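Asker: Keeping their order, the protein sequence lines are chains E and L.
Note that this note's numbering has the first sequence beginning at 572, numbered continuously upward.
Note that this note's numbering has the second sequence beginning at 155, numbered continuously upward.
Because the hints were derived from the structure by calculation, they are not lab data.
Just so it is clear, the structure is predicted and the values come from calculations on it, not from any experiment.
Mixed in with the good hints there might be a few duds.
Stated by the list, open to error - In silico DMTMM-like cross-links for lysine to aspartate or glutamate, where the CA-CA straight-line distance does not exceed 20 Å: (1) K191/L <-> E212/L; (2) K593/E <-> E212/L; (3) K204/L <-> E672/E.
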Amino acid sequence: AAGVIQSPRHLIKEKRETATLKCYPIPRHDTVYWYQQGPGQDPQFLISFYEKMQSDKGSIPDRFSAQQFSDYHSELNMSSLELGDSALYFCASSLGKNSYEQYFGPGTRLTVT
Amino acid sequence: QQPVQSPQAVILREGEDAVINCSSSKALYSVHWYRQKHGEAPVFLMILLKGGEQKGHEKISASFNEKKQQSSLYLTASQLSYSGTYFCGTARNTPLVFGKGTRLSVIA
Chain E
572 AAGVIQSPRH LIKEKRETAT LKCYPIPRHD TVYWYQQGPG QDPQFLISFY EKMQSDKGSI
632 PDRFSAQQFS DYHSELNMSS LELGDSALYF CASSLGKNSY EQYFGPGTRL TVT
Chain L
155 QQPVQSPQAV ILREGEDAVI NCSSSKALYS VHWYRQKHGE APVFLMILLK GGEQKGHEKI
215 SASFNEKKQQ SSLYLTASQL SYSGTYFCGT ARNTPLVFGK GTRLSVIA
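This is chain E alone, in the form it adopts within the complex:
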């Protein structure tokens, strides 16, 4: 069965640089979520999209933005990167919002040096 695809899997950036993470949800899933997970931490919700419209916003810094495109893929854009942005970034998708099971992609490990 098709799963959530994320790219790249690993990314190394320097402080103040920008990064773009991509997510391709499971076909026919209408909701996409972005999470940030630091070492030993629980996943923290950043932002979600339902049917290509922003649905909910969590602890996403103003330096970050995201969008969902007509083909349902989503991109997380991160600017002015800081050392503290180093984390695993997961995208998840579901059929239905919030109260439905979410399927996570393999994640993008971002390292900011």
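Please build the complex by placing chain L on the supplied structure of chain E, with the hints as guidance.
Answerer: Just chain L now, with coordinates in the frame of chain E:
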């Protein structure tokens, strides 16, 4: 509001049972359970939507006590493959909020 999980960590020998609890000071609407292995993505285990609901998934099952605002995950006859961090998450037409996780280690 972040749900509270207990215990924070547990070590089991193969074949032993474990219970992981997830509680909230606010009314629970839905409880989600995920397992995450180190460096990998969280994997969906099950979701409970109604008070009193119980679900099973191989030797892993869960219950949801709406009145006590608590859910429990039961792992029976544990296998090495059960090792990982278990997260509960709660949502009520709102984004999922995960607990801090319970680290489960199964040893031979």
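Asker: Is the Cα-Cα distance between K593/E and E212/L 20 Å or less?
Answerer: Violated, at about 34 Å.
Asker: Given the hint that K204/L pairs with E672/E, does the C-alpha gap stay at or below 20 Å?
Answerer: The hint holds at about 15 Å.
Asker: Straight-line Cα separation of K191/L and E212/L no greater than 20 Å?
Answerer: holds, 18 Å
Of the hints listed earlier, the one the structure fails to meet is number 2.
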